Structure formats: structure tokens, C-alpha cells
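This is what each chain is made of:
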Amino acid sequence: MRKLRQRRLAVVLFVVVGATATLSLALLALQENVDLFYEPARVTNGEAPVGVDIRAGGMVVEGSVAHDREGLGVAFSITDHGGHEFDVRYVGLLPDLFKEGKGIMVRGQLTEDGLFDAHEVLAKHDENYVPHELQDMAEAADLAGSAKAAGIEPS
Amino acid sequence: MGWIKTTFHKTGSPRWFFTGARSWVVGLYVFGALLIVVGSTWGLGFVPPERLQGNSVRILFIHAPAAHLAEAIYVAIAIAGFVFLVWRMKMADMLIQAAAPIGFVVTVLALATGIIWGIPTWGTGWVWDARTVSTLLLAFLFFGLVALRQAIGREDRASRAVALLALVGVINIPIIKYSVEWFTTLHQPPSIVIGEKPAIAPVFLVPLAVNVLGFYCFVAGVVIAALRARIVEREAGTQWLRDWISKS
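Sequences listed follow chains A and B, in order. The opening position of the first sequence corresponds to residue 0 in numbering that gives the first Met the number 0, with each subsequent residue numbered one higher. The opening position of the second sequence corresponds to residue 0 in numbering that gives the first Met the number 0, with each subsequent residue numbered one higher.
It is possible that some hints are incorrect.
[To be verified] Straight line, CA to CA, 30 Å or less: simulated BS3-like cross-link-like pairs of lysine-lysine:
1. B:Lys4 - B:Lys89
2. B:Lys246 - A:Lys98
3. B:Lys196 - B:Lys176
4. B:Lys196 - A:Lys101
5. A:Lys2 - B:Lys176
6. A:Lys2 - B:Lys9
7. B:Lys89 - B:Lys196
8. B:Lys246 - B:Lys176
9. A:Lys98 - B:Lys4
10. B:Lys246 - B:Lys9
11. A:Lys101 - B:Lys89
12. B:Lys246 - A:Lys2
Simulated from the structure, these hints should not be mistaken for laboratory data. As the structure is a prediction and not an experimental result, all values here were calculated from the model.
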């Protein structure tokens, strides 16, 4: 009985280890294909194909957003804060969370001269949750600390 | 170490579990429901709007607990699959059978709230990124566990096949968890990482914690109730069950 159990254990472990190894190797090989979008570095160094529908993403460069005087056209730049930037041109409604300095994803085509002609813009909301009244996490942390000290529960 | 072995063997006894877990169900239902009511009312009605997301942040209090719980249910099922494959413990098989449909419902809730949340924040309800796809796969896995059992006629064979699928499918769990770090996704990285300061302000964190605990307790109650129903089904006709019914 004990031997049977041990044999089963060995088979089960073998299946799990084998399946994990197979999948890990597959994911490793597919890494770039599993990525949802091209990061700025891969757009600027020419890894992203030109003239094909692709997705790219990064942070909107502060102060780069320029709305057309008429219509819904807008131009802005996307950066990875690591020295790689590219310009985007888009006509249409922007999501509410589209803000300068925040993460976004664009879908469209890269032109020969490096401009990204987008037909869809999605906002990538970040992992920080800060109440409306507070501008940053440091302030929120301060308030939480002082509220606790004053015996006030945050509501 | 002795008590671990004793608990293991006792939990493995349908009779011991059936009679012992009865009082747990009601307790978990009441406690869980209370926490969910408090946490949801708090989160949906009384939390201030988020700086960037505004009122859309409120769906966090349903989405995050559901998503987290769905993964936890799968891990429990996978462990049960392992126990069944090695020790052939009937209770482990019944646990998979009881928990799989519940896991499916919870995963669908996580996906649905994710879609509702995505529309105002991302600008779209669905993207095919690594996080959303692996979570969709989790829903299919739960569904597959139910379907596979029904597709195989012989009960012992069905149990073994389901346990194996349950165990192998656990590979999807680290993929769901780390998808947002390994790949570029539209879904944001986790806000709460063990060993780091949470990126969620306390005003949001407290009702979220209440709801997470509430979801876990309530669904644990549902799973135990479903497991007891499975026990009645499989042990029908046994002397101890007849005795128990005539006594109560």
C-alpha cells in the first residue's frame, strides 16, 4: 500500500514538474508575443513594424499634449522615462483617465517618419488609489497618521 | 505533528465532516454576509471619490475580492486534486466537485466587474492582455472541471481525470498573478505587495479588507454547504446517515 502511494506521488510530481517546465519554456519563447503593446524603446529602435496595425504604450510626456484648434484632433508624445520617445497623432475622444504623465496605450500604425497614427487610445490606470481631496500618497499617509493619532477613524 | 495526521484523517471521513461542519455553515454565512454588507455599503456609498478615477473606484470593492477569491478557490481545488491522486481520499474528490461551480461563478463575477470597471477607466471593457486572458482561462478551467466529470461515465475514472486536470491547471495561477509583471498589460500591477507599503490609501484599504474577508467567509460557507450536499448524495443508504437523519 505504501509503495503504491509512493509510486502515485512520483507520477503526479512528474506530471506537474513536466507541465510546468513545458509551459515555462513556451511562455519564455513567446514572451514578446504575449506582451500587449510595444514599449517606447522598441518603437524608437525600429523593432516595431511600420504600416501595420500595432499597439504601443508608455507615459504621456508632460506638456506635450496639443489639441487642434478645431475638431477632436490631438497630438502628444509617449515616453518610457528612459530617453525613448515617440510622437502620436489621434483624432477622437480621449478616455477620462488620459492625463499628462500617466500611462496609456495607443493602437494604430507607425509611419515611415516615426509618427504613430493612432485610431484608438486607452488609459492604463495605475495601482495607486488616492482620495480626491489628497494630491499624493505622502499626503494621504500623513493624514492617516494624524487621524490615527487624533483617534479619528477614516471614513 | 500527531494532530496534523489526526485532523487529516478526520477531515477525510465524510461522517465526521458532515456532522461537525454543520454549525460552521451558519456561522460563516452570517459573519460573511455581515462583512459584505458593511464593506460594500462603505465602499459604494461612503468612500471619497478617487483622485483620477472618481466614482469608478467603487467597483474595486467587489472586483478585487472576487478576483482574489477565485484564485484561492482554484488553489484549494488543486490541492484537493493532489490529495485525491496520491491518497485516493473521497472527500478531496467531493471538494473538487462542490467547489468547481462556485469557483466558476466567482470568476465570472471578477470578469464582469472588470469589464464594468474597464469601460469608464480604460476606455474599453475588454483587452486581450495577459491578465484578462489568463483569468478567462481560469473560468474555462472551472467549467472544464464540471464538464469533464459529466463527460466520463465511470465515476472512479471521472474522479481521477478531474483531479489531474485540477492539479495541472494550477500552473495558470502564477501566470494570472505575475502576468502584470512579466508582460506589458493594460491591467495595472498589484497595489498590495507583501513586504511593501500598500499603494492604496487607508480610506480605500479598510473597506476593501472588510469585503475580502467577507467574501472568503461567505464563500467558504457556500463551499462547505455544497460539500455536505455531495456527502449526502454519495453516502446515501449508509447506516450512519440514516441514524443521523432519524435523530434530527
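Violated hints, by number in ascending order, as checked against the structure: 2, 5, 7, 8, 9, 11, 12
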